[in-house]
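Residue numbers (my numbering), protein chains in the order written: chain W, 275 to 531; chain R, 53 to 370.
Everything labelled a hint here was simulated from the structure, so no lab data went into it.
Partial list, computed: chain R residues near chain W (C-beta under 7 Å):
#	residue
1	Leu110
2	Ala143
3	Tyr147
4	Arg149
5	Tyr163
6	His164
The C-beta atom is built at its ideal place from N, Cα and C for all residues, glycine as well.
Each chain is listed here by its residues.
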Amino acid sequence: MSAIRAIQAVRSGRIDSTRVRAVVRKEVTDYRRNRFVLGTMTVLPILFLANPIINIFTAPTNVSHTALDARVGSTMLFLLLVPVILPATIAATSIVNEREQGTLEPVLTTPVRSEELLIGKALAALIPAVTIAYTMLGIFLLMVKLFAHQQVADVTLEGPRILAQVLFIPLLAGWAIWAGLAVSVRANDVRVAQQLGTLASLPPLAITALMAFNVITPSFRVAVLFAVGLLLLDVLAYRLIAPMFDRERLITARRAK
Amino acid sequence: MTATMDDPVLVVDKLTKTFGSRTAYSDVSFSVGRGEVFGFLGPNGAGKTTTVRSLGTLITPTSGKATVAGLALTADNAVEIRKRIAIMTEAPGLYGRLSVTENLKYFVGLYHLSDGEQRIKKALDAVNLTDRAQDICSSLSKGLRQRVGLARTLLNDPEILFLDEPTSGLDPVAARGVHDLITGLRDRGVTIFFTTHRLAEAEALCDRVAILNTTLRTIGRPSELREQLFNRGLVVTTATPLADPARVFTGLPGVEGWEPDPAGGYRLAVSDPAVAAPEVVRALVHAEADVLSVGESRHSLEDVYLELVNEDVEANQR
Chain W
275 MSAIRAIQAV RSGRIDSTRV RAVVRKEVTD YRRNRFVLGT MTVLPILFLA NPIINIFTAP
335 TNVSHTALDA RVGSTMLFLL LVPVILPATI AATSIVNERE QGTLEPVLTT PVRSEELLIG
395 KALAALIPAV TIAYTMLGIF LLMVKLFAHQ QVADVTLEGP RILAQVLFIP LLAGWAIWAG
455 LAVSVRANDV RVAQQLGTLA SLPPLAITAL MAFNVITPSF RVAVLFAVGL LLLDVLAYRL
515 IAPMFDRERL ITARRAK
Chain R
53 MTATMDDPVL VVDKLTKTFG SRTAYSDVSF SVGRGEVFGF LGPNGAGKTT TVRSLGTLIT
113 PTSGKATVAG LALTADNAVE IRKRIAIMTE APGLYGRLSV TENLKYFVGL YHLSDGEQRI
173 KKALDAVNLT DRAQDICSSL SKGLRQRVGL ARTLLNDPEI LFLDEPTSGL DPVAARGVHD
233 LITGLRDRGV TIFFTTHRLA EAEALCDRVA ILNTTLRTIG RPSELREQLF NRGLVVTTAT
293 PLADPARVFT GLPGVEGWEP DPAGGYRLAV SDPAVAAPEV VRALVHAEAD VLSVGESRHS
353 LEDVYLELVN EDVEANQR
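Just chain W, same shape as in the assembly:
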């Protein structure tokens, strides 16, 4: 399918939600029985939640507001690593794994469109990643509210900071998924796909790091502007990746002529 056709398919609303749901259901059922995915989904959030909590509770209170701000910013950046790394790992293996197991070709013989398959796989990676990340954020904020020193709590619970976290979690996950899927449709090996997928998902974190380290002062306006930027990046990534899904190349490892 040419790039123009793929984009036309999306624009004309020919995406069948039943097929997308079928892909999501199958993927989620498969994850639940996959020890590697389950292990990653369990261990990674615990590690990435423990570190910020320790960091916040050991923060000195006799430092300047700027120093405390920087510490809180870097701590909360940790919470954004899970919605980046987790879905990137899952998405990066989702197509190449099916190729290796021989399950992709039977799927492609059905009426499912490339866009439906990609959206289904993206949602299946997005839903658990965002759920886990919001749960982590909730637990972290609750712990800070209940047990942290008032000075630290005041800095951590600033409105723009929380808004940025809430907006950035799904948007960063979205970028990570498209980056992972882009790697997955091109890669021929699962391990290479995992490594490249994780690497490709990291660049947008740099933007959030600028806010975390107060290079850009966090405010509601800045948080929303960056969120809109990330959203545009996600849409652009999807539009670039959908045409990369070349059925002929995926089946024969040769590009369609």
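Mind docking chain R on chain W? Use the hints.
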């Protein structure tokens, strides 16, 4: 149900596919009637799977045209064509961590079919897997997985069912099960296009066969192909060699020639076995030969296949 060529469900016209400088198949033309079981034979690398993938809209042909289930084989029709057909790939490609039913449910969703439960039940009944519906697919034997793969192709009631080497790697009992399924589907009027290396199964199951070796070498009913390629003949076996076989066989009505059979006995080329056989028997009795048997020589589809493929090998060596 009998197949009819008045109502072709698959028409292929000069289809060619190249990958760079390599030709997968070239200038392939044939048509398949509704309800026909059509065998597609050829050696490894002959282009059989690529042809099936092309007709299933997975691969774009380089040139030529085709009509699949009433629709022109174009990118615009790809989704609609895939709704009307089903392809069973050589490996069944099941999700090992999902149960048989979960695998089938996934495909019911991909086909966007209503009454999914009923369809799954019907498909499992057809392949005798109802009692294994909840089994996890990784625990199934290869034969059972193949049957799940077949059940999956029945979900959408396809007009054309493409089976790519459906008995590959199966033991004879499991292969027999697949044969019975194909026969059952033919009786229900499903058009079946299947590739195979097993020539005996093609001969037993197919209304017509085509032999592909990058180009289409021949097409027709197995009996027609035998007659096209081989002279009709009689095989005579005697307890002891004839003293003067030339005197016995030469000049008999309907007998065009004879030669000793390396396996013992004699092979006679005849114009019509029904005319020649009584004459040969009379001549043998007259010659006081100890006749063990007189029968029509049978060339199998395998003989036809080997004859054509060997021609290609010899041509390539020249």
